[in-house]
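Residue 199 in UniProt numbering sits at position 199 of the sequence shown, with consecutive numbering throughout.
Read the hints as simulated data drawn from the structure, not as lab findings.
Just so we're clear, the structure is a prediction, and the values are computed from it rather than from any experiment.
Treat each hint with caution, since some may be false.
[What the hints assert, rightly or not] Estimated spans, in silico, between C-beta atoms of each pair:
#1 T1007 to E869: 41 to 51 Å
#2 A757 to A623: 37 to 47 Å
#3 L637 to H189: 36 to 46 Å
#4 N152 to A515: 50 to 60 Å
#5 Q216 to Q161: 26 to 36 Å
#6 N668 to G97: 55 to 65 Å
#7 G475 to A565: 17 to 27 Å
#8 T331 to A123: 21 to 31 Å
#9 N668 to G415: 43 to 53 Å
#10 A757 to T331: 50 to 60 Å
#11 S324 to A515: 40 to 50 Å
#12 M864 to T959: 42 to 52 Å
[As the list claims (entries may be wrong)] Below, in silico cross-link-like pairs of lysine-lysine (DSSO-like), each with a Cα-Cα straight-line distance of 27 Å or less:
#13 K931 to K977
#14 K871 to K935
#15 K871 to K931
#16 K871 to K893
#17 K227 to K708
#18 K935 to K893
#19 K977 to K935
#20 K977 to K893
#21 K202 to K227
#22 K708 to K764
#23 K490 to K400
#24 K708 to K871
We put the beta carbon where it would ideally sit given N, CA and C, even for glycine.
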Amino acid sequence: MNLASGDSGTFFLRDRGKTSLFFGERKFTRTAWACLLLFSATLLITVTVIGTPPVIQSVSSPQLNTQIAVVGANQNWLSRAKAEIQAREYWMSTEAGQARAYNPTNRYFAQFTASGYQLLDIAGGQEPLVGVQLEGIGRGGAITPLSFGANNTEQARLQRQADGVTEWFNNSNAGLEQGWTLSTRPQGHGPLQIQLRFEHAKIAKTSDDAVSVTSQQQRELQYSALKVRDASGRTIAARFVQQAPQLVAIQLDDRNARYPLEIDPLWTMPPSADTTLNGLAAGDSFGYSVASAGDVNGDGFDDVIIGAYGRGSFAGSAYLFLGSATGLSTTIYQTFVGSAPEDLFGVSVAAAGDVNRDGYADVLIGASGTNGLTGSAYLYLGSATGFMSLGQSFNGVAMKDRFGEEVASVGDVNGDGYVDFIIGAPGRNNFNGSANLYLGSASGTMVASNIYNGEGGFSNFGASVASAGDVNGDGISDVIIGAYGYSNFKGRAYLYLGSTTGLSLVADQTFDGSADGDLFGDPVAPVGDVNDDGFADVIISAIGNNSRTGSASLYLGSAGGLTLAQTFVGTAPFDGLGTNVASAGDVNHDGYADFLISAVYAGFFGALPADHVDHVYLYLGSAGVTPASVDLTFNGLAAADRFGRGLAAADVNGDSFVDLLIGASGTNASAGSVNVYLNLAQINAPATQHFVDRFVGTTSSPASLTIKNSGRIPLRLGSPTFSGSNPGDFMISSNSCTSDVAPGDSCEISVTFTPSAKGPRTAKLDLPGNVPASPTVITLDGNGTLAKGEISSGGGSFDLLGLLPLLALLARRKLLLQNWPMRRLLSQGLMIILLVIVTLQAPQAQAQKALSSATVGAAAGMSMATISESKLEREINASGLHSQISNFNRNDKSFEAYLRYALTPNFALRGSLLDLGNYRATIELPPGEAKAVLKAASNKFPLGGFAVGLSAETQWQLTSSWSIQTSVGAVASIQRKINLILNQQQMAIRGPAAGLMLGLGTGYQITPSWQIGLDARAFNHNSWIISPRAFVAFTLPD
1 MNLASGDSGT FFLRDRGKTS LFFGERKFTR TAWACLLLFS ATLLITVTVI GTPPVIQSVS
61 SPQLNTQIAV VGANQNWLSR AKAEIQAREY WMSTEAGQAR AYNPTNRYFA QFTASGYQLL
121 DIAGGQEPLV GVQLEGIGRG GAITPLSFGA NNTEQARLQR QADGVTEWFN NSNAGLEQGW
181 TLSTRPQGHG PLQIQLRFEH AKIAKTSDDA VSVTSQQQRE LQYSALKVRD ASGRTIAARF
241 VQQAPQLVAI QLDDRNARYP LEIDPLWTMP PSADTTLNGL AAGDSFGYSV ASAGDVNGDG
301 FDDVIIGAYG RGSFAGSAYL FLGSATGLST TIYQTFVGSA PEDLFGVSVA AAGDVNRDGY
361 ADVLIGASGT NGLTGSAYLY LGSATGFMSL GQSFNGVAMK DRFGEEVASV GDVNGDGYVD
421 FIIGAPGRNN FNGSANLYLG SASGTMVASN IYNGEGGFSN FGASVASAGD VNGDGISDVI
481 IGAYGYSNFK GRAYLYLGST TGLSLVADQT FDGSADGDLF GDPVAPVGDV NDDGFADVII
541 SAIGNNSRTG SASLYLGSAG GLTLAQTFVG TAPFDGLGTN VASAGDVNHD GYADFLISAV
601 YAGFFGALPA DHVDHVYLYL GSAGVTPASV DLTFNGLAAA DRFGRGLAAA DVNGDSFVDL
661 LIGASGTNAS AGSVNVYLNL AQINAPATQH FVDRFVGTTS SPASLTIKNS GRIPLRLGSP
721 TFSGSNPGDF MISSNSCTSD VAPGDSCEIS VTFTPSAKGP RTAKLDLPGN VPASPTVITL
781 DGNGTLAKGE ISSGGGSFDL LGLLPLLALL ARRKLLLQNW PMRRLLSQGL MIILLVIVTL
841 QAPQAQAQKA LSSATVGAAA GMSMATISES KLEREINASG LHSQISNFNR NDKSFEAYLR
901 YALTPNFALR GSLLDLGNYR ATIELPPGEA KAVLKAASNK FPLGGFAVGL SAETQWQLTS
961 SWSIQTSVGA VASIQRKINL ILNQQQMAIR GPAAGLMLGL GTGYQITPSW QIGLDARAFN
1021 HNSWIISPRA FVAFTLPD
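Work out the full structure, taking the sequences as your base and the hints as a guide.
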C-alpha cells in the first residue's frame, strides 16, 4: 500500500500488492468470482451455440415440455455461403505483382497493365485473346495520353487515377465492365473521344453500339453495352467509331452534359451455341437448309430437319434430330438420302404441317438435281415412333426445271381446313420459272392445283416461295413468291391472296427492286406480326443491292395488303445482308413477332477477305412501326463459314420459349454445322431473402433484391406478387424493374417485412417475366416475436439462454443479499418472479435469432449508496480501528453509455462505460491509524467513480412495444472517486476496484429503432449502490 502526496495536498491510495480487485472480506471475493465464472460459462455456451450450424433438439419430461432451439444460425447459411464463394470468383487478385480478374462465365481472365489490359483464355495459353490500350482522351485530333497511378482494388473492382480521370473496372458474371469517370470537361471543340487501340485480335465488325473482335484462337468477344450518364443521371448519346484497322474511338456529344461524366462499356462473349451439330464429311454442306419439323413423334418437343445437299457426291442427305427436355439431341434420329449423285437431296427442307391429320407433323424435302436437274420433292409423314415414312413424291416436268429448289408449307390457302404447300421450279421454261401449289385433302393426299409462272426470261420465278401468313386479316393464308432475275436481275416479288375459292391466280400485289442486279425477291419470308396489329408481315431481300451490300425490306400487312415500312441495309460491299430471313417467333414473350436476317458473304470466294466473318441479326418486334436497330448479333468464326445460310426457330426443349438454329454450311471444309441457341432470355435473382426477427406489427428496413439480366435479350418483368403462407407480411417498398432491363444490367426490388403474428413467417415473391419457368420465385422468410409473457394454447418451449442472468443472480442470493436490509423480501420476490417467468415462458417462448444485432444507448439518473454512515463506521473499525465517520454523502449523479449486442431476442451482451458518482466523508481517527483506515475504507466504501462493465442481459417482451430487462455482470472501476477528510487533511481513493452489477428495467418501443424507458442498476463492492435512471436506446439498422 502506498500513500502519495499530490500537488494540492491530496493523497491517492494505490494498491501495489498481488490483489488488484477490492472485494472486501473473503466471503464477497468468493461471491464475485463465482458470478464471474458463471458469466464466463454463459459466454462460452453462447459462442458455442452461435458458431454451430442449425440443429434442433427436443427434450420432454412429464412436468414440462421443454424445447431448446439452437439460435443465431441462419437457415440459409449454406446457400449464402455458396453465393459468397461464387461472388468471390470475380474478385480482383494479385499474381506475380500484377492485378488480375477471373471471369468464369465468359471464360477469360483480365490482366491489367499500366495503360491497358489483356483478356486471356481461362483454359490456358500464353497468347492473349485481345489487348486494349488507352491511347488518350480529347477532341478532334488533340488526343491527350494519360498516365495512371497505382491500381486500387476492392473485391471485384479496380480503379486508378490520372489527371481528373478515374478509370475503373467491375468484374461480374455479365463480363468485365470498363469505365471512366471524368470529373471536368476536357478542353477543345467537337465531340469528346476516348481512343482505344485493340491488339492481338482482329476487329471483325464495328457498329454504333458494339465492337466485335475475333482472337487468333478464333474466339469472338464483344465490346458493347455502351452507356454514358452525366451528373444528373441523363443518358448522353454515344457510339463506337472505327478510325483505323485496330483503332476505335468512343465518341459522344457532351455539349449539354453536366460533369462529372461516367462512360461505361462492357466486355462479353457473344451468344455461344448451347449445342453444335456437325456435318459428317468435308463437302457435305450440312446446315445449308434448316427447318423446324414440328413435333414428328408427338412427345411435345419440336424436332428439326437439316439438309446436307453435298453429301455423297451431291446425292445429298437430310437428317432428323429430335427435341427433348434437355434440348436438341446431337444424335441423328433418322437419315434421308438422295438416290443418285447430283440429286442435291436436302437443298431445301420445310415443315409441312400435319397433312394427313394423324397428330404427327410431316416434312418436305427438296432434291432439285434429280434426273438432270428436273428436280423432285418428297413428303415424309410423322409417326408415334418418330420414324418418318415417305408419303408422296413430286417431280418436275423437264430437265433443268430445278423443281424442289424451294419448298414451303403455306398454311390453308382455301379455308378447307387442310394444309397446303408450294414447290418452286426456278429453271422451268429457260429460267422463266414456275411454282406449283398442292392442296391438302381429306384422304391425306396432296392434290396438284395451280401452277404459277414467271413473266419473262431468266426471271427465276419460284427461286423463293413462302407463306405470307394472313397479310390482310381475312382468316385465310396468303402466299409470296420471289423472282430475283426479273428485269435484268432487278427482281420482283408477288403476293397472292388466299380465299375460300382458292389462291388467286394472278398476283394481287407486286414489289420491285430499285436497280439492276439487286436480286430483289431472293429470299421472301414471313416474319409474323412484328407490330401486333393483327396483320401478318413479310420481308423481301435484295442481296445484290448496292454492290452486294444487301438489303432486306420489311412490309407490314393491312386490310389493303402489304406496305413498305423499313429497309435494313448491310454495312459494306459483299456483306450479303438478306441472304436468309426467318421468323424467330416471339423470343422475348412481349407479344410482338421477332425475326432473323443473315449477312453471308456475297462476293466471289477467290476474293474473300481473310478477316471476314458472317453475321446473323435478331430484330425484336415492338409497338412502334418497326424495330429501330439490331437487338442481338450472332457471329461466324471464320471467313467462308457461310454462317447464317440456314435459319430456323423452334422450341426444341419444350419450355415455351423459341430456340434459334443457325446453319453454317461452310465450316470444317464445308462439312457444315448448325448452332442451336437455347433460352435467350435468362434471369439471375436470389433464391431466398431472410429477414432478421421483428416484433409483431413492426416493419423492417427494406431488403434490396438485385435482379440481373443474365440473358442475351432485354429482360421484361411484370408486376411482382406475393404468394405462399404469409403473403400479407411482406410488402414492396420500391421497384426499379418496371422497364426493360438490358442484357448485363440489373434492377432492384425492395421488400419490407411486417410480421402479423409470432413465429416463422414465409412467403414467395413471384416475378413474372419473359424467361423460361416464369414466374421466377424468391422465397422470403422471417420470424415474428410477440409478448413472451402471453399464454398460448400450443405446446411450449423454454428460453434457457434468456434466464441465465436470473439463474446467476439467484445462485448465491444469500451472500449477495446479506448486507441488504430487505434481503428476505427481495429474495422471495425474485423467486416468485422467476417462477412466473418460467410459467409464462413454458407454453410459447422459443429461442430465435435476434431482432437486431446491436443497440446503442445512454442512461442518466441518481447514484445512491445503501450502506449507512454508522454501518460504514462499524465495517471500517471491525479490525480494531477507532475512526469516527461524519458527513457521509451517499448520493450523486450517475451516467452510462452502452452497446448492447443481441444474440437472441431475449439474450444479449452489454458493454458499458459508467460514472457511478463521487462519495465523500469526514473521518476522525487517532494518530498512527491513517494507513489502516485508508485500506479499510477502500474495501468498505461503495465502488464509485468511472467504470467499465460487461453484463449478460435478458429482455422479456410483454407486448410488441413494452419489455422488461434484467441483467447480471461485472463492473470494474477505472478510477474511483472517493474523497475523504482525514483529521482535516484531504485525501482520495483512486485505485481500481471491481464488483458485481445487476439490473432491472422496463422499456417502451416508440419506433422500430428507438426505445425509451426506466431502469435501476445495482453495483456491489462490499456494499451496494442503487442507481435509478431514465434511458434512451437506438437499434442500429439490420
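Verification of the supplied hints:
1. As the Cβ distance of T1007 to E869 is approximately 46 Å, the hint placing it in 41 to 51 Å holds.
2. For the pair A757 and A623, the beta carbons lie near 45 Å from each other, so the given range of 37 to 47 Å is met.
3. Remark: the range hint 36 to 46 Å for L637 to H189 is upheld by a beta-carbon distance near 42 Å.
4. Restraint check, N152 to A515: a C-beta distance of roughly 58 Å satisfies the suggested window 50 to 60 Å.
5. Between Q216 and Q161 the beta carbon distance is about 33 Å. The supplied range of 26 to 36 Å therefore holds.
6. N668 and G97 have their C-beta atoms about 43 Å apart, which leaves the hinted 55 to 65 Å range violated.
7. Under the hint 17 to 27 Å, the C-beta atoms of G475 and A565, about 23 Å apart, fit the expected range.
8. Our hint of 21 to 31 Å for T331 and A123 holds, since their Cβ atoms are close to 27 Å apart.
9. In this structure the supplied range 43 to 53 Å holds for N668 paired with G415, their Cβ-Cβ distance being about 46 Å.
10. Between A757 and T331 the CB atoms are about 56 Å apart, so this pair conforms to the stated range of 50 to 60 Å.
11. Taking the beta carbon of each, S324 and A515 are about 48 Å apart, inside 40 to 50 Å as hinted.
12. Remark: the range hint 42 to 52 Å for M864 to T959 is contradicted by a beta-carbon distance near 31 Å.
13. Our distance criterion of 27 Å between C-alpha atoms is met by K931 and K977, whose separation comes to about 18 Å.
14. Straight-line distance between C-alpha atoms of K871 and K935 comes to about 17 Å, which keeps the hinted pair within the 27 Å bound.
15. For the hint pairing K871 with K931, the CA-to-CA distance comes to about 20 Å; that is within 27 Å, so the pair holds.
16. Of the supplied pair hints, the one linking K871 and K893 holds, its CA atoms being roughly 23 Å apart against a limit of 27 Å.
17. Note on K227 and K708: the hinted pairing holds, with a Cα-Cα distance of about 17 Å set against a maximum of 27 Å.
18. Among the hinted pairs, K935 with K893 is consistent with the structure: their alpha-carbon atoms are about 26 Å apart, no more than 27 Å.
19. Using a Cα cut-off of 27 Å, the hinted pair K977 and K935 holds, with the two alpha carbons roughly 15 Å apart.
20. Restraint check for K977 and K893: the C-alpha separation of about 12 Å stays at or below 27 Å, so the hint holds.
21. For the given pair, K202 sits about 24 Å from K227 by alpha-carbon distance, which is consistent with the 27 Å threshold.
22. About 18 Å separates the Cα atoms of K708 and K764, which keeps this hinted pair within 27 Å; it holds.
23. In summary, the hint linking K490 to K400 is supported, as the alpha carbons are separated by about 23 Å, within the 27 Å threshold.
24. This hinted pair does not check out: K708 and K871 have alpha carbons roughly 74 Å apart, beyond 27 Å.
Of the numbered hints listed earlier, those contradicted by the structure are 6, 12 and 24.
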